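Given the structure of chain A, go ahead and fit chains B and C onto it with the hints provided.
The primary structure of each chain is shown beneath.
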Amino acid sequence: MAGQSLLQIKNAGIQFGGLKAVSGFNMEINQGELIGLIGPNGAGKTTSFNLLTGVYVPTEGDISFNGERLNGLAPYQVTRKGISRTFQNIRLFNELSVLDNVKVAYHSLAKHSIISSILRLPSHFAGEKEMEEKSLEFLKIFQLDRFKDEKAKNLPYGQQRRLEIARALAAGPKLLLLDEPAAGMNPQETHELMELIAFIRNQFNLTILLIEHDMQLVMGICERIYVLDHGQQIANGTPEEIRNNPKVIEAYLGEEVHSDHA
Amino acid sequence: MEWLQQIINGISLGSIYALIALGYTMVYGIIKLINFAHGDVFMVGAFVGFYAITGFGLGFFPALILSMVICAIFGVLIERIAYKPLRNATRIAALITAIGMSLLIEYGVIYVRGAQPEAYPNVLPNTTINVFGAQISSQSLFILGISVALMIILQFIVHKTKIGKAMRAVSHDMDAARLMGINVDNTISATFAIGSGLAGAAGVIFGVYYTKIEPLMGVIPGLKAFVAAVLGGIGIIPGAMVGGLLLGVIESIVSAAGFSLWRDAAAFVILILILIFRPSGIFGKNTREKV
Amino acid sequence: MKKAKSFWLFIILAVFVYGLIQFLLTSEVLNPYYQNMFIVMAINIMLAVSLHLVIGITGQFSIGHAGFLAVGAYVSAIFTMKLGLPFPIALLAGGVVAALAGLIVGIPSLRLKGDYLAIATLGFAEIIRIVFLNIEYVGGAAGLQVSHLTTWTSTFIMLVLTILIVVNFTNSRHGRACIAIRENEIAADAMGINTTYYKVIAFAIGSLLAGIAGGLYSHNFYIIQPTNFGFLKSFDILIIVVLGGLGSLSGSVIAAILLTVISTFLQDYPETRMIIYSLVLVFVMIFRPKGLMGTREITEFFGLGKWKSSKGGN
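Heads up: the protein sequence lines correspond to chains A, B and C, in order. So for the first sequence, full-length UniProt numbering puts the first residue at 1; every next one is plus one. So for the second sequence, full-length UniProt numbering puts the first residue at 1; every next one is plus one. So for the third sequence, full-length UniProt numbering puts the first residue at 1; every next one is plus one.
This is chain A alone, in the form it adopts within the complex:
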């Protein structure tokens, strides 16, 4: 079912001072794929997300999405092109209600102007009503609607992760980036999360790229996997190929394989 190419990263990299955090990063993602990005701690996974979303401007290489070049766009512009993300350390709008968190993401899809809001023109009411309905829909999908008036900071941890994904979806992405969505979750929650990811992917016709430490999750749901180590891409392929790739075993799985046998 893989469609046409959606995202191409060619030789992208970034340098902080003298330090090359990521270099020579290549990736191609097709419409509808679910891709995993793995690598040991400090391999540059989150940095490559930041390159992709405009938080950092790549010092080398090219990133193009849907045929458009993304280099140098600000994060909000990248989001409006159709890439949205979650964060490794949850970044919700803590003092806002759960519903308002989602509404914020829906912000750029609504069109009523500041003047119309200040003067309370009909377009304001229509726009706000649409935002409210759409946001409630997202909350229902994530079974968060019963918390809609709760402040985001008061949600249990697992629900906060779900809310972050719901919020990212409300921004209307074609490509969703999930940065360790299962971090800190128990096996039960992780299992539910896997089902949820599979569900939203079909429901919204999404392409998903996820960073994850939980090998079972990555191997279980991703069709292809990219492996980073020391800021360099060392392998990519199907879960089966990755599992048997000696470079990967050495760089990353090595320890785990050992400990599995021990």
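Careful: at least some of the hints might be erroneous.
Said to hold, decoys possible - Under the rule of at most 30 Å between Cα atoms (straight-line distance), these lysine-lysine pairs were calculated in the BS3-like manner:
hint, chain 1, residue 1, chain 2, residue 2
1, C, K113, A, K111
2, B, K160, B, K212
3, A, K153, B, K32
4, B, K84, C, K113
5, A, K111, A, K140
6, C, K5, A, K129
7, B, K165, A, K153
8, B, K84, B, K212
9, C, K290, B, K84
10, A, K153, A, K134
11, A, K20, C, K113
12, A, K148, C, K5
Claimed, not checked - Not everything, but these chain C residues come out facing chain A in the computed CB check (under 8 Å):
hint, residue
13, R176
14, A187
15, D189
16, T295
Since the hints were derived computationally from the structure, they do not count as laboratory data. Keep in mind it's a predicted model, so treat the numbers as computed, not measured. Glycine included, every Cβ here is placed at the ideal spot set by N, Cα and C.
Below, chains B and C without anything else, positioned relative to chain A:
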């Protein structure tokens, strides 16, 4: 030769800014707080010196040292009472508290002794030296000498003593320093003590040089010293010295060029330009937030 | 529909407050001296509410609000005194020019964060003051004479408009975008919000409203001087917003009322007033850093939660 004279004046003024800026920069370096009350410690120092000279008949140096000691204690008190409870609060809460402390000291002093200014007694001989046709007062050279001496002592303390090492460690990483067995609270207090002592010295020097002191005198020099600290790169000790001297000279040049009414604006224009184009200052390194 | 209902409740409340005070003044239960107190109170509320939009809602720590007050005060005074134009036009002009000043200040400085932004705004406010000090046309240090044109009625109308603008802005996608920036700027950016745009917009609206308040302020005096607009004035406004609770509009209103009453009674003892102010500031920060109202709005206490409010800062 008018110019040379102005530049010397600028350096004298700048050395006062630098002494105050050192306290700002040390405190910011260690707890990331813009200690708005610092300019008022400077004012208190000027008054302590004034009363020491006029009330107790002390000479310049005893008055200078007394003022430094009292200001050091005062600075530590401010830190322990107002800032320590806020160590884990947001930086904005700490900043507001500092503004509150500044107003409290200013109006506390006015409440106690009234708002009227005082004329500083003339405790230093003042002769004029002719250098290449420029009239340079011996006082301004003397002031410069004392400031430089204090800065050298400070450099020695920061780099060669145990407490200096602790200060550098705490400003680098407070938690790690604590784990290494450094008494963080005492180190922070020591920083306030040293910074406030320098401000006290600056107060006495200011009084002798400009002869007029009043309870709100700390506001503008305090703000400008902060500008000097930002100019040099806040948190960096040599930066504060260079920033202070540079700012003093720039202000004198603006005055000399016939724009004396705009002199105060110059400092703020510099501040904004620095903040916008090089917020880390002349000697600073850029840092970015981790995502 | 609920929102429309609370809008009308607000209007009824406003009319009631206006009527009550007007009655007290005309029936001379309160002597005319208090008329001035109410005008000052309304101006302080306007200033606090306009700064609340910048600090409380958008989370941008500006401590130079008096600069925009000054722009509004001087520009409107020029319009009435030098150009002979009617007072309402002068008020509007003061607001518009202050908003432009807000753009000029905001666009470069809002790239800064936290205490750096605070210092930059303080610096800009001082520059604005020094500029007025150096312009002969507006009297320099001696100041500019102004006719007493501000009335209780005109001030109250402007106050109601100010609150309506801020509340309507806050309770819309635009206000939510601003709160999102306050809560987590990186996440707001990642959700497709042009954070720079909204910071500048909030700053400009705040400056516009402060400028209008400035017009009322200057025409409530007989003379305005640059010393009226130093950073002590900025701190005065800041104290109100902080005491009320960062993020709470009703908190700002209540704190403005309280502090205006206190300073009216302490008018003859300015040092005592400043000592009380500074102690309040320090104690609030140490013992109740969220201010009087914390993050909440007064409507939440009456179950009118839906004219919804802007939850507050950290």
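Status of each hint after checking the structure:
1. C/K113 with A/K111: Since the Cα atoms of C/K113 and A/K111 sit roughly 29 Å apart, the hinted pair holds (cutoff 30 Å).
2. B/K160 with B/K212: violated, 37 Å
3. A/K153 with B/K32: Satisfied, since the Cα-Cα distance of roughly 27 Å is no more than 30 Å.
4. B/K84 with C/K113: Holds, because 23 Å separates the two Cα atoms, which is no more than 30 Å.
5. A/K111 with A/K140: Holds, at about 24 Å.
6. C/K5 with A/K129: Satisfied, since the Cα-Cα distance of roughly 16 Å is no more than 30 Å.
7. B/K165 with A/K153: Measuring from Cα to Cα gives roughly 40 Å; hence the hint is violated.
8. B/K84 with B/K212: The hint is violated at about 34 Å.
9. C/K290 with B/K84: Within the cut-off at roughly 18 Å; holds.
10. A/K153 with A/K134: Distance ~22 Å between A/K153 and A/K134 Cα, so the pair holds.
11. A/K20 with C/K113: holds, 27 Å
12. A/K148 with C/K5: holds, 22 Å
13. R176: Result: holds, 5 Å to nearest chain A Cβ.
14. A187: holds, 4 Å
15. D189: This interface hint holds because 4 Å falls under the 8 Å limit.
16. T295: Cβ of C/T295 sits 6 Å from chain A, so the hint holds.
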